[in-house]
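Here the protein sequences line up with chains A and B, keeping their order.
Everything in the first sequence is counted per numbering that gives the first Met the number 0, starting at 0 for the first residue and increasing by one.
Everything in the second sequence is counted per numbering that gives the first Met the number 0, starting at 0 for the first residue and increasing by one.
FYI, nobody ran anything at the bench for these hints, they're computed from the structure.
Don't take each hint at face value.
Said to hold, decoys possible - If you anchor each label on the Cβ, the simulated ranges turn out as follows:
hint, chain 1, residue 1, chain 2, residue 2, range
1, B, V102, A, L74, 36 to 46 Å
2, A, T79, B, E25, 47 to 57 Å
3, A, G81, B, E25, 24 to 34 Å
4, B, Q62, A, Q216, 25 to 35 Å
5, B, R89, A, A164, 53 to 63 Å
6, A, D23, B, T74, 36 to 46 Å
7, A, V206, B, G110, 29 to 39 Å
8, B, K14, A, V206, 32 to 42 Å
9, A, T79, B, K14, 24 to 34 Å
10, A, E43, B, R76, 53 to 63 Å
11, B, T74, A, K71, 28 to 38 Å
12, A, I207, B, Q62, 25 to 35 Å
13, B, E39, A, L45, 48 to 58 Å
14, A, L45, B, T74, 11 to 21 Å
Only a predicted model underlies this, so the values are computations on that prediction, with no experimental measurement involved.
Ideal placement from N, C-alpha and C gives every residue a C-beta, glycine not left out.
In case you want the letters, here they are:
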Amino acid sequence: MSLAIDDYLDRVLLYANRKDGAADQIRAELHDHLTQKVADLEAEGLSTADAEFRALKDHGHAKVVGYRLRPKFPLIDVRTTGTARGWIAVGPKAVGVVAMGGVGIGVINISGMGLGVIGLGGMMGCLLFAWSGIGVAGLLSLSGIAAGTIALGAITAGVWAGGNASWAALPWADAPGWIKTLAVVFSGYSGLWIMVGLAAVLGFGIVISYAMSRREQQRVGEVGELAG
Amino acid sequence: MLRGMKLGKRELDGKIETLLLAVLAEGPGHGYGLVQKLNERSAGLLSLGEGTVYPVLHRMEEQGLLTAAWRTGDTGRQRKVYRLSPKGRRRLNTQRQQWAGLVSVMDKIVGPVAEGDSPLNPRGATA
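Bound conformation, chain A alone (with noise of 0.2 Å):
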């Protein structure tokens, strides 16, 4: 039993997230794949150490391996490279129903780039909802540059559009009664405290990601410590 293979092994677990039974199981087959993978290396002449050293590298690093084993769509699902998938996802790269990431796709889309129903960033597309720096919307954008059913901002363009410079299809004055209303809650008080809301959303995310990556560093090096 090679404490270097067991070290790597709980690496690649602790990253992939999965339940008891089937960790057991991807551990089983991995570990199956590195002794094999050991013994016909020092068949070749290698050392034992050269030949762990050498299956581990060749194997790919713990972080990948253990990312791509993760379920397909856990419930909570945070990751600091690649993309994370999940009913709430937070990583570079974001997919979920709630997405935060610097690009993301999501129901509700809290990114830097983004794709999703309803949007908070730095630029987004949404069916229904954007508030954003630069931002297209369905229903309703407001944003710095906007551009939507109803676009409100800076610069706007909308079949009803209000701000510094715009251009609306119809004048905001035969607006149907339910657009006025839209615009008046979101440009208003009203539209404040939704932008607190989605701000706390982001917020816990932002305390979720941070939580979950410090408990992964933290297993990590108790996985380093064990193995040392």
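Based on these hints, arrange chain B on the given structure of chain A.
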């Protein structure tokens, strides 16, 4: 030019599944054996982390393209042996046709690799 050329995840994106289906079409196998076959046939051209094959195998199993069972191997260790399912065989046939079509189009437009420049049969190599 082609010396040292490797095909990594980026070049192989989406094709590892086809490679695994093709190897498994010849008979059941375990992960290590599949990786060995891929490496042997690619003449070292594939530069995949061996561990990254397993997530693909697991996904294919979930999709019903493969079936898997634990068996005791020659070494006495338990090994997970994968086998192609009928659905996997159909998928392989489809992917073979798509691949043949793609190669045909690429050959017509990009042109084939010159004799001796193939990374699998480099200039100066003896048969």
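Going down the list of hints, with the structure as the test:
1. In this structure, V102/B and L74/A meet the distance hint of 36 to 46 Å, their C-beta atoms being roughly 43 Å apart.
2. Separated by about 39 Å at the C-beta atoms, T79/A and E25/B break the suggested range of 47 to 57 Å.
3. A hinted range of 24 to 34 Å for the beta carbons of G81/A and E25/B is consistent with their spacing of about 32 Å.
4. As the Cβ distance of Q62/B to Q216/A is approximately 33 Å, the hint placing it in 25 to 35 Å holds.
5. For R89/B paired with A164/A, a C-beta distance near 57 Å keeps the hint of 53 to 63 Å intact.
6. Taking the beta carbon of each, D23/A and T74/B are about 19 Å apart, not inside 36 to 46 Å as hinted.
7. Separated by about 56 Å at the C-beta atoms, V206/A and G110/B break the suggested range of 29 to 39 Å.
8. Judged by the Cβ atoms, the range 32 to 42 Å given for K14/B and V206/A holds: they are separated by roughly 40 Å.
9. Checked against the given bound of 24 to 34 Å, the beta carbons of T79/A and K14/B, roughly 27 Å apart, stay inside it.
10. Distance hint for E43/A and R76/B: a CB-CB separation of about 20 Å, inconsistent with the stated range 53 to 63 Å.
11. In this structure, T74/B and K71/A meet the distance hint of 28 to 38 Å, their C-beta atoms being roughly 32 Å apart.
12. In this structure the hint that I207/A and Q62/B lie 25 to 35 Å apart at CB holds, the actual value being about 30 Å.
13. Our hint of 48 to 58 Å for E39/B and L45/A is violated, since their Cβ atoms are close to 19 Å apart.
14. The beta-carbon spacing between L45/A and T74/B, approximately 19 Å, falls within the hinted interval of 11 to 21 Å.
Taken one by one, the earlier hints fail for this structure at numbers 2, 6, 7, 10 and 13, listed in ascending order.
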